[in-house]
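S.K.: Just so you know, the sequence shown maps onto residues -17 to -1, 1 to 816 in mature numbering (1 follows the signal peptide of the UniProt record, and there is no 0).
Hints were generated in silico from the structure; no laboratory data involved.
One should not assume that every hint holds.
What the hints assert, rightly or not - Cβ-Cβ distance ranges computed for the label pairs, FRET-style: (1) K772 to G537: 29 to 35 angstroms; (2) G702 to T648: 41 to 47 angstroms; (3) A29 to A69: 21 to 27 angstroms.
Where a beta carbon is used, it is the ideal one built from N, C-alpha and C, also for glycine.
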Amino acid sequence: MLNKFALVVLILQLARAERHAAAQNCATYKRSNEGDACVKTSPGSACTTLNSAGCATCSTGSSGETCLTCADSEKFIAANKKSCKAACDTSGGEVVDSAAVGPDSRPDKPACNVGRCEKGYQLQGDACVKTSPGSACTTLNSAGCATCSTGSSGETCLTCADSEKFIAANKKSCKAACNAAGEVVDSAASSKACKCDGDNGYTLQSDGTCAKAASNACPTLDGAGCKTCDSSAGGETCLTCKDSAHFIQLDKKGCTSSCTGDGVIGDSAVTPKVCKCDSTNGYTLQSDGTCAKAASNACPTLDGAGCKTCDSSAGGETCLTCKNEAHYVAANKKSCKAACNAAGEVVDSAASSKACKCDGDNGYTLQSDGTCAKAASNACPTLDGAGCKTCDSSAGGETCLTCKNEAHYVAANKKSCKAACNAAGEVVDSAASSKACKCDGDNGYTLQSDGTCAKGGCNTKNCQTCDNKGTANEVCTVCTTSYYLTPTNQCTSNCAALSGYYGATENEKRVCKRCGVANCVVCEEDGTCDLCADGFFGPSCSKCHESCRTCSGGAGADKCTSCMPGSALTYGSAGNTGTCGEGCTTGTGQGACKTCDLTVEGTKYCSKCSEAKEYPQNGVCAGISARASSCQDSNIADGVCNACENGFFKMSGGCYSTGQLPGATVCTSAQTGGTCTKSEPGYNVDSSGVLVTCPEGCEACSSANACTKCKDGYVTGTGGCEKCDASCLTCGTNAKTCTACSSGYYKVGDAAAPCTSCEADSGSVKGVSGCLSCAPPTGSGPVLCYLMKDGTAGDSGPNLSSGAIAGISVAVIAVVGGLVGFLCWWFVCRGKA
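Produce the complete structure using the sequences and hints provided.
M.R.: Given below as structure tokens:
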């Protein structure tokens, strides 16, 4: 009996111990009311609105109730936490939220990724649905695109209707493969797409294709480590390196891992990295491509422009003095020139050396292109009400330059603005710098004094006012705007074309005035000489030494700046003047010439040296110690230079400077590439260094027999450029159709014929011997002579016109009549007294 009782007690103790152990392990569960069991905890509170959706307990927030547990413990809370469902939709982007599990490894709160969906899905209602980027295409659907985004350039393809296809590189269509030229798969794109192969220099073009830009091609520098190049200036230069850690070399002809050489440093602060001269320590880039500390006043970049000394203190290099002492520093301080004869340019008398400047006294200012131009005055005191915005009053009377309304035109008389050039005889002036009208001169219309255009005006071209209008004896008295009245009563835009004349304004009329200095070719506006005729020099045009063609600084034989044909100039130590001697001769040994095949202006120069390692420099063979760095040793072979340095140009086997003869005769610019980039009129130097001398009278040519432009005084004919008749300063359709007369000749109206000599008789018009400048008379009789060849004022000679004779007769009768009347009074009246 005792044993049975003890057994029952033992069983009860074991059961109590088990319940106690279970109670100790409730964790997220709670003990039952009886205290001997764990039951599941119910979070939140009972649902009021979501109980019908299968939710047992809920929490309440700003968006209403949120499901925390399901009434059916076997169900799962939906992704939107608003209902319970039998299972998660794994095919729709849902997965079971395994973050919440109970002690028995069962889902504590079974849920389907509560509040979130898998990547590529988005929550819609109580389900996760696949995301569709952009919106449905409207214009690109026909190109195979499914969804698109819309921007300033229209629709852009985001996905393809056919998931196997690729979006094209221009995002405007879908295609089966990225197989077009320069096209590769864009592995970084979220959808299957193509792109241009930028790693190999391909970029997207406006037509949607991928192409390697011309500037990116490196046909010659590819092996030098260059990735992209520029060949726009003729020679190929490196733009970027294949290895981004490398530097572009100083000469831009390759890439290097480090920058070496005297004065050369690497600049890693720029992209791409480049080698450069150490300017902090005074190093600058030289014409031979090296870095060197420039001597004071050196001209590393302007040497080829004729500059002797320069100033670079302000950053950009400016010219101070010229190699040729007879030359002037140009107004923009970037080159030297023979005379200050460009429009608006005058001699700068205040400068410490010979220099040009813009004529500020007459409103000219320096422009960005280096020229001098008359700045538009903003003051329009009298024409403001006529619609003019800017005006010019430099010639005395105010003229309109631009209009307040940019769509309007300056009227033909320059006194107002108008909506269109639609008056009779009026056309648009296409040559004007701003919108303007003009009279249709091609159809015989000229500007009248009332500002209108009408036919039947002056026959003389570009004449505004004339005497005997429209007759054979018409004489122009005032030219149209921008033209000057010549001594022969024609109109010209450039008085300097009449040798020894200059443009001036007298009594509000533009006229050509004769220079007061004998042997002067180009005068300043004040009448002082700016350029003497060949063989003369200085402000008074004194005579040069007989051996010189031109000279500077004196009349000695060593002051020549150019020589007669057949003679060559040997420069002195200063490098700007020298002596004239024999042209090229052949010989052997150092400094000797092997062939003399280059001819410039009748003088022969060396084209090949006798010594293999010498080459012609400025037409003369010189040893290494006696020549400038115009050709690298590696480019010298068999007595010639195959490639010249910057600042020099290649011609007939040699290297030539544009600042010394004979190079200065044929070329004006050779700053880069070792070739002539701009030839002088009458010459053409091609990229291979072959000199072409244009035919006589030709200003520009493509070959020795093909002229593209004739010089003034010549006209295009069947055999090239034909010289105008001796009486013509310029001629029109043929050599005998003068458009302006030479000095000593006059033109009758606008007749298509040669001009008539002031000294010759022509029909009823009589010439005056020794007359240098004249105009025809009103009727018959002698020409009206303005200037004699000896410089004195002209007269009409012994032959008087009928008008003059009649005037003299009337005067004689009046004198005789007066005398008779006086005598009658004396004798009659006095007798009575």
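S.K.: Now, for every hint given, state plainly whether the structure supports it.
M.R.: Verification of the supplied hints:
1. K772 to G537: 29 to 35 angstroms: This hint holds: roughly 31 angstroms between Cβ atoms.
2. G702 to T648: 41 to 47 angstroms: The hinted range 41 to 47 angstroms is violated for G702 and T648, with Cβ atoms some 25 angstroms apart.
3. A29 to A69: 21 to 27 angstroms: holds, 22 angstroms
Checked against the numbered hints given earlier, this structure breaks only hint 2.
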